[in-house]
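Number of protein chains: 6
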Amino acid sequence: MKKQFINEIGIGEPVDDVFALSEKTLMRRKDGNPYINVTLSDKTGSIKGVVWDNVDRISASISSSEFVQARGNVTEYRNTPQIVLTDMTDCPVDSIDPSDFLPVTRRNIDSMFDRLLKLTASMETGYLRELLEAFWADTEFADQYKIAPAAVNMHHSYIGGMLEHSLSMALLAERISGHYGGIDRDLLIVGAILHDIGKIREFEYRYKIDYSDEGRLVNHIVIGLQMLDEKLLTVDNFPEECALLLKHLIVSHHGSREFGSPEPPKTIEAVLLNYIDEIDSKVNGIREFMAAESPDETWTSFHRMLGRHFYIGKKTGDVAD
Amino acid sequence: MKKQFINEIGIGEPVDDVFALSEKTLMRRKDGNPYINVTLSDKTGSIKGVVWDNVDRISASISSSEFVQARGNVTEYRNTPQIVLTDMTDCPVDSIDPSDFLPVTRRNIDSMFDRLLKLTASMETGYLRELLEAFWADTEFADQYKIAPAAVNMHHSYIGGMLEHSLSMALLAERISGHYGGIDRDLLIVGAILHDIGKIREFEYRYKIDYSDEGRLVNHIVIGLQMLDEKLLTVDNFPEECALLLKHLIVSHHGSREFGSPEPPKTIEAVLLNYIDEIDSKVNGIREFMAAESPDETWTSFHRMLGRHFYIGKKTGDVAD
Amino acid sequence: MKKQFINEIGIGEPVDDVFALSEKTLMRRKDGNPYINVTLSDKTGSIKGVVWDNVDRISASISSSEFVQARGNVTEYRNTPQIVLTDMTDCPVDSIDPSDFLPVTRRNIDSMFDRLLKLTASMETGYLRELLEAFWADTEFADQYKIAPAAVNMHHSYIGGMLEHSLSMALLAERISGHYGGIDRDLLIVGAILHDIGKIREFEYRYKIDYSDEGRLVNHIVIGLQMLDEKLLTVDNFPEECALLLKHLIVSHHGSREFGSPEPPKTIEAVLLNYIDEIDSKVNGIREFMAAESPDETWTSFHRMLGRHFYIGKKTGDVAD
Amino acid sequence: MKKQFINEIGIGEPVDDVFALSEKTLMRRKDGNPYINVTLSDKTGSIKGVVWDNVDRISASISSSEFVQARGNVTEYRNTPQIVLTDMTDCPVDSIDPSDFLPVTRRNIDSMFDRLLKLTASMETGYLRELLEAFWADTEFADQYKIAPAAVNMHHSYIGGMLEHSLSMALLAERISGHYGGIDRDLLIVGAILHDIGKIREFEYRYKIDYSDEGRLVNHIVIGLQMLDEKLLTVDNFPEECALLLKHLIVSHHGSREFGSPEPPKTIEAVLLNYIDEIDSKVNGIREFMAAESPDETWTSFHRMLGRHFYIGKKTGDVAD
Amino acid sequence: MKKQFINEIGIGEPVDDVFALSEKTLMRRKDGNPYINVTLSDKTGSIKGVVWDNVDRISASISSSEFVQARGNVTEYRNTPQIVLTDMTDCPVDSIDPSDFLPVTRRNIDSMFDRLLKLTASMETGYLRELLEAFWADTEFADQYKIAPAAVNMHHSYIGGMLEHSLSMALLAERISGHYGGIDRDLLIVGAILHDIGKIREFEYRYKIDYSDEGRLVNHIVIGLQMLDEKLLTVDNFPEECALLLKHLIVSHHGSREFGSPEPPKTIEAVLLNYIDEIDSKVNGIREFMAAESPDETWTSFHRMLGRHFYIGKKTGDVAD
Amino acid sequence: MKKQFINEIGIGEPVDDVFALSEKTLMRRKDGNPYINVTLSDKTGSIKGVVWDNVDRISASISSSEFVQARGNVTEYRNTPQIVLTDMTDCPVDSIDPSDFLPVTRRNIDSMFDRLLKLTASMETGYLRELLEAFWADTEFADQYKIAPAAVNMHHSYIGGMLEHSLSMALLAERISGHYGGIDRDLLIVGAILHDIGKIREFEYRYKIDYSDEGRLVNHIVIGLQMLDEKLLTVDNFPEECALLLKHLIVSHHGSREFGSPEPPKTIEAVLLNYIDEIDSKVNGIREFMAAESPDETWTSFHRMLGRHFYIGKKTGDVAD
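One line per chain: the protein sequences are F, C, Z, X, R and V, in this order.
Position 88 (the first sequence) corresponds to 94 in our numbering; numbering is contiguous.
Position 119 (the second sequence) corresponds to 125 in our numbering; numbering is contiguous.
Position 109 (the third sequence) corresponds to 115 in our numbering; numbering is contiguous.
Position 250 (the fourth sequence) corresponds to 256 in our numbering; numbering is contiguous.
Position 152 (the fifth sequence) corresponds to 158 in our numbering; numbering is contiguous.
Position 71 (the sixth sequence) corresponds to 77 in our numbering; numbering is contiguous.
Check before you lean on any hint, since a few could be wrong.
[What the hints assert, rightly or not] Here are the computed distance ranges between Cβ atoms for each label pair:
no. : chain 1 : residue 1 : chain 2 : residue 2 : range
1   : X       : Q10       : V       : D37       : 40 to 46 angstroms
2   : V       : D37       : X       : D22       : 35 to 41 angstroms
3   : V       : T45       : X       : D22       : 39 to 45 angstroms
4   : V       : T50       : F       : S65       : 48 to 54 angstroms
[Said to hold, decoys possible] Under the rule of at most 27 angstroms between Cα atoms (straight-line distance), these lysine-lysine pairs were calculated in the DSSO-like manner:
no. : chain 1 : residue 1 : chain 2 : residue 2
5   : Z       : K30       : C       : K54
6   : R       : K237      : R       : K8
7   : F       : K237      : Z       : K237
8   : Z       : K54       : R       : K8
9   : R       : K237      : R       : K9
10  : X       : K30       : F       : K54
11  : V       : K237      : Z       : K288
12  : X       : K49       : X       : K152
13  : C       : K30       : R       : K237
14  : R       : K49       : R       : K30
15  : C       : K237      : X       : K237
16  : C       : K152      : C       : K288
17  : R       : K237      : V       : K30
18  : V       : K9        : X       : K54
19  : X       : K288      : R       : K30
20  : C       : K54       : C       : K30
21  : F       : K30       : V       : K54
22  : C       : K214      : F       : K288
23  : Z       : K54       : Z       : K288
24  : C       : K30       : C       : K9
25  : F       : K9        : F       : K30
No wet-lab data here; the hints were simulated from the structure.
Just so you know, even glycine gets a beta-carbon here, dropped at the ideal spot from N, CA and C.
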């Protein structure tokens, strides 16, 4: 567990902790002697560093490192902090705590998962409840379900993001199915809970969030369907039509071919799931985008993906009657 | 008030009631004598009719009629019913009850409007409540609000459709703003209630639903903004920022320029209102489309606008646990 | 096996064979007596028929029939042939030979399949050859592979169409991989052979070609991947990377999300497979479209899907030097 | 009124004038003493500056300044001019002359406005003339009409740009309505004059050109319609149909929903107004873009918005016969 | 020259004139005897006809006719006129006057062409004037230029349409180049006059307006460039740059690749020519579309290509002040 | 012929060779004395240089140079090599060997051209063979055909690229026409060989690859058609229909208007040529893109134009059975 985070290190302080080694360049001084420029980073930011002594030994020991134990002192160079490093040694990936290097949901993962289990228990359709229970009983799956991110960027792009997103959608699904009569509540909720499970394998998120080979080559919709197919085999007498409708929810949850769904929504539940996904990802994504602005701005900067500035300004609702 | 509706008239029955005169053609028999072929209609369907006698007098009296008082007897011709008409006289448009000729919401208009008034009373933001009260106090407006359709076709295309659609959206807005923290519930609900008021003038719906000149030339978004501007003048000290945010909800509720909104949604409330509008119009539109299919079909016919067939089939939720 | 086909039945001939019952209407004569109008069809066309006698008995016996054994004589009515039917009895779907009612490839199915087996034997990559052999050893699969159509319309929309299309693509893949160095020939050929196997379940083609529920709800790409996943489990030590690359060929063979592929082609083989699919379906589709024109036309009628007329005219190549 | 403009200040000269304070950073020397780096700008460009002495006092006095009175001497640093500042004091926004900081039309604003008044007087349709006169009699409106820009960039993006653009369009409208018979010349000219009035409030242009909150939330088309509605109330007996047609010109002048018009042009005059707007904004925009290139270029750089290079080169018309 | 036009032929009149033979079907009466049903047409409409006698001889003589000399008498059948034909003989295409069968411009072709010659004489750029003179001196070209249509439908789709359209554009170009300074007036006018010359070969318009093989295979832009290239060879010392700019006007006059221009407009003149073409084709097309409506309609029917109804109604300009 | 290439020059070496003068800036030292910063480049890269002495003379002698003879010594400045230049003199463009400054195909140009001649000789359609022979007999054309690039970037963007691309397409065309019966092989091959000849004039490629004025104003499709028209005049009795079909191949080879073809492919040969062009440019472009990545990457960087990363990784085909 890291103790020193980059955004808290002051000039003049000694440093001795684990960092990701983002960049490393071997340089040469005018007198011909070598030195090393590096960039170290963790989830709070990055900092430059320089190695003046023992260059050959240090260079060799971190030649293929992704993480290093770094020792030295923080100085100031051209008005920004810089670590003068006295030593760096390799730090195996296995020994890393991802939460030191990856952003994490601000909500409590276990509480959220408990809420999911309660929703599961509330299912009146037996075989749907059994299906979810089969997923939760698969502890390897459940552990990954709790930490997978929902995206590389844009929305819920942090550890626990997929759980947070799926739970929020499931609760929203419950509210909306209560508004309209004749919605298959249980099917819709299961759809919300399982729609993104393919992201467990679409992304890599041990110490940075990125696409996996499988994610780029076959897409989380396809992976999720495969995971569902495997689990369906373990539930006795799961009705064939319901299995098709559930797969359809996963297949169509992006809303149109243009956005990556092989088929568009063709049931009321699928139409709703697509909108619920849209709402939850947009609300989260726009709020994260607003939160990244400095506090006195009335408008965000330009959101390239959504093609507009968003209005932050003085909320009407705050004004008393 | 009509008593005879076309879908209930049996062969052999006498007819004496008001009908819309959809088509009229003066024909000539082989012997050179004239006769009249007509098509009569009401909200339940249409029927062919023929006038053999007094052709000149009847033809003159209904020369520019949109509605006629028709008398005669139902016979059968080529396996379909046909009225042999003994007389037709003009029936002024003013005397027509639109609900005889227009489809009407299946829900109770007064109950729905009462629900809106209760929502209005629940507003904690005083000036927003006052704004709604100003609208309801304008009885001419309120009367039209109750009967306007929400569309010419596709969804809620019937008398009372805009009220039904707006109320449903307001209640859904309440549910969704309860799910997410930090939403301006009252603003969102007012947006849902007022977003389509321009349709009061965009459409004509006295005895058929069609676009008005104003509707085609300036669009319901623009008309609605003008109606809102006029009403805002009557509320003391309505905060300027809130007025802008409310107008923004109307301006942006179609979601993008491509769909007719001069600006896309730029606040969380505007983003939500657009999705709530999408959800409610799609749920209603798809269900009406499904309902028009014969009961033993598993799939609807092809929905041209949405580019797909919809699945009706044996609902999963019906199956007991 | 039918002996009388509609396009060959002459006026005055007796009729006694199986037909699809496309339409059936109970009519009533002026004297009040009922009669039945029907439309009968097979793969060569359709013909009108009428039942004057034994109306109640016949009507009852075919009340839910899709196929009937029809007996009667061909007469002429308003310049077109019509069968005056003396009897019709139900004909169970199971007893029908689809090739009487469905268009069939003009090429020999068994010869084409033999060619596929030879291609299979030519594979140098052992696990790819074993995978294909596992598919062919699954006789239920192989039987369906031989008869599935490749589409409902547009191209190869006939019994045996998927086999014809896949074989043509595989042979084209062999030619093109010979032109460029460094292509994984075996992988590309297996991709060509398996890319459309999901169509075996996407379509229904017992007596008419249409989408199945599964086809409309989850799409042939998804179905095909599931079939591949099941079969991969039966091949020992199938390399994981190759499995991913093969799935990627199926996932991306439509070329872009807009056309239903969850991911676009990201390997040279996937890029080629998409073009090979495009070429083979367009060459077949355009030629079928040209063949349907009357022989003296220089241009086809307007091809709505492709947005143009095609030029048939006097081929340059025919002109001697 | 500024006397020293940045593009004319020479190395070695003293400086004492008003500048916009574009950037300000508090820095620290190696000896720990603070200094201030600033960027100063006016409509002719920007220049770096540095404060070595009295850093605390100066920093406090300009802590929230947008404009400053700056005193110092121009030196050279790394081959570019830099002001060594001896003092800076806050300069209230109210005291600023926008034309010192904003680009201004190269044409004479009063002459252009006189031309508009003559066009107004030439109107034969009384109520249209009265409407324009009502606008001009509103001196607050008229003053803003004279200085508003037509855009933030792309075309006529300078003080007086909207007037220049609208007048040019009105004169072009006169020419085109003279070419075709049956055009309502007066309506078309009024449409040209009023089509962009919403930009008076859509933009802020006191000392920089940017969007206002209202502009971003409701768009200049909507604002312009509101301004027109208010003014129409002041003209007696303005025909209702003409009011609709005039609003339609404003509503539809962007030509399609995709470009922000809630309705596309549906009258000949509206179709023409859209093209006249297109022509005038493109001719101005492309010429400004060409003018920004160095004089010996044959082609402009790539115009991102219009997706092409434009040809400047040796004009054919220059060549004598 | 035809004397009897279909819209003027009354019941009971004898007929003896040339008609296009649009349809011909050999029928058989209940007694087995043959008769012929035909549809005859000219530019004013079409009429049904029937041949009862001499069926074999007549049938043979018109077996491949496109035009016939028809003789008979007009009767009435099922309330519509029908010609009972006593004879029909083939009428060679060469003997046909196209203006009997094709719609023709309502303006005088020779007057329009004279106006073009005056414009030509007004050119101050010698080599551009010489180029036009070279075109007009080519009498075969000039004769076709006078009669070619500008389109198969949509706008100016009649004999003389291209001349009418090109002249109108040239005069509009003169007005617009007078409005803006610095436009190469002569180049723009020559562009307007020559931009569509490829349509002379793109269409066939001897007795119906349709695409030629060349038109469908290579497009009028390409054909027009080839015609220009040939003519440029005949003008001495035509400057190379001007030739390129003139070709660019033809290449780019559709405005974008999407509309068939290989390159978009890259000079001010090309930008203007595209808008002038747009204006003139839209004004003509919309007016023709409005003119086809019955006189009491306020709105046109839906214009499929342009995606809207157009407003015809009571023109503002008609109302007195 | 250059001997010193930038990527091979070591620190400390003397330099005396020809370089492109990419950038030149006159600077001033603190003591007021001028010096010159330059960037020199050739096909292997670029290097900075500085002139300290004889600044005025050298500056004058290279004032408008594109290429210079440069003399000096390589030193190191801020860890990168820099030439301290003792002299630079102008080097006329005519004396430059483009292959020193432009990338060149890795294949042998003469061998490729020989292969084309063999293909030409294999034509059975006499007039097509004669047409090609007429092109090859035009030595100015043939010389340019051998060296023209196929693009400015994306694919085959090097000297000899068009020849390499056209030959590859012709050979692919031969393979594909052998797969399908009924293709006009000779026509398709001639189309492949000539489809891009307009690029000979569309680009400038003496010492850098860029668009020519003609290329930007009229496009290579139009230029190629003009070149074909000229050459067709030299072949006796070339059939008119074949000429049209050949022009159609050039006109339509981009596949759709959106991609710059005035008409889409309307013959089987044109459909195939478009796909063959797509395949060959994509295979070459993607492989070049992959080759530019560092050897240990599994994925390429993001390909902006094609909107994806490409998979390079461990090829399945490499794995032994």
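Quick rundown of the hints versus the structure:
Under the hint 40 to 46 angstroms, the C-beta atoms of Q10 of chain X and D37 of chain V, about 28 angstroms apart, miss the expected range. Hint check: D37 of chain V to D22 of chain X, Cβ distance near 29 angstroms, so the stated range 35 to 41 angstroms is violated. T45 of chain V and D22 of chain X have their C-beta atoms about 40 angstroms apart, which keeps the hinted 39 to 45 angstroms range intact. Evaluation of the 48 to 54 angstroms hint for T50 of chain V and S65 of chain F yields a failure: the beta carbon distance comes to about 29 angstroms.
A distance of roughly 24 angstroms separates the Cα atoms of K30 of chain Z and K54 of chain C; the hinted pair therefore holds under the 27 angstroms criterion. Distance check on the hinted pair: K237 of chain R and K8 of chain R sit about 38 angstroms apart at the alpha-carbon level, beyond 27 angstroms; violated. Using a Cα cut-off of 27 angstroms, the hinted pair K237 of chain F and K237 of chain Z holds, with the two alpha carbons roughly 17 angstroms apart. Simply put, K54 of chain Z and K8 of chain R have alpha-carbon atoms about 44 angstroms apart, too far for the 27 angstroms limit, and the pair is violated.
The hinted pair formed by K237 of chain R and K9 of chain R fails the criterion: a straight-line CA distance of about 41 angstroms is larger than 27 angstroms. Of the supplied pair hints, the one linking K30 of chain X and K54 of chain F holds, its CA atoms being roughly 25 angstroms apart against a limit of 27 angstroms. Taken as a hint, the K237 of chain V and K288 of chain Z pair is broken in the structure, with Cα atoms around 32 angstroms apart against an allowance of 27 angstroms. Distance restraint check for K49 of chain X and K152 of chain X: the Cα-Cα separation of roughly 19 angstroms lies within the 27 angstroms cut-off, and the hinted pair is therefore satisfied.
Distance check on the hinted pair: K30 of chain C and K237 of chain R sit about 61 angstroms apart at the alpha-carbon level, beyond 27 angstroms; violated. Pair hint K49 of chain R plus K30 of chain R holds up; C-alpha atoms about 19 angstroms apart against a cutoff of 27 angstroms. This hinted pair checks out: K237 of chain C and K237 of chain X have alpha carbons roughly 17 angstroms apart, not beyond 27 angstroms. At roughly 21 angstroms between alpha-carbon atoms, K152 of chain C and K288 of chain C fall within 27 angstroms of each other, so this suggested pair holds.
Proposed proximity of K237 of chain R and K30 of chain V is contradicted: the alpha carbons are some 46 angstroms apart, above 27 angstroms. Our distance criterion of 27 angstroms between C-alpha atoms is broken by K9 of chain V and K54 of chain X, whose separation comes to about 45 angstroms. Pair hint K288 of chain X plus K30 of chain R does not hold up; C-alpha atoms about 55 angstroms apart against a cutoff of 27 angstroms. Distance hint between K54 of chain C and K30 of chain C is fulfilled; the C-alpha atoms sit about 10 angstroms from each other, no more than 27 angstroms.
Straight-line distance between C-alpha atoms of K30 of chain F and K54 of chain V comes to about 25 angstroms, which keeps the hinted pair within the 27 angstroms bound. A hinted pair counts as satisfied when its Cα atoms are at most 27 angstroms apart, and K214 of chain C with K288 of chain F does not qualify at roughly 40 angstroms. With a C-alpha separation of about 35 angstroms, the suggested pairing of K54 of chain Z with K288 of chain Z is violated against the 27 angstroms cut-off. Only pairs whose Cα atoms come within 27 angstroms are accepted, and K30 of chain C paired with K9 of chain C is accepted, the gap being roughly 23 angstroms.
Under the criterion of a C-alpha separation no larger than 27 angstroms, the hint pairing K9 of chain F with K30 of chain F is consistent with the structure, at around 23 angstroms.
Going down the numbered hints, you'll see the structure goes against 1, 2, 4, 6, 8, 9, 11, 13, 17, 18, 19, 22, 23, while the others check out.
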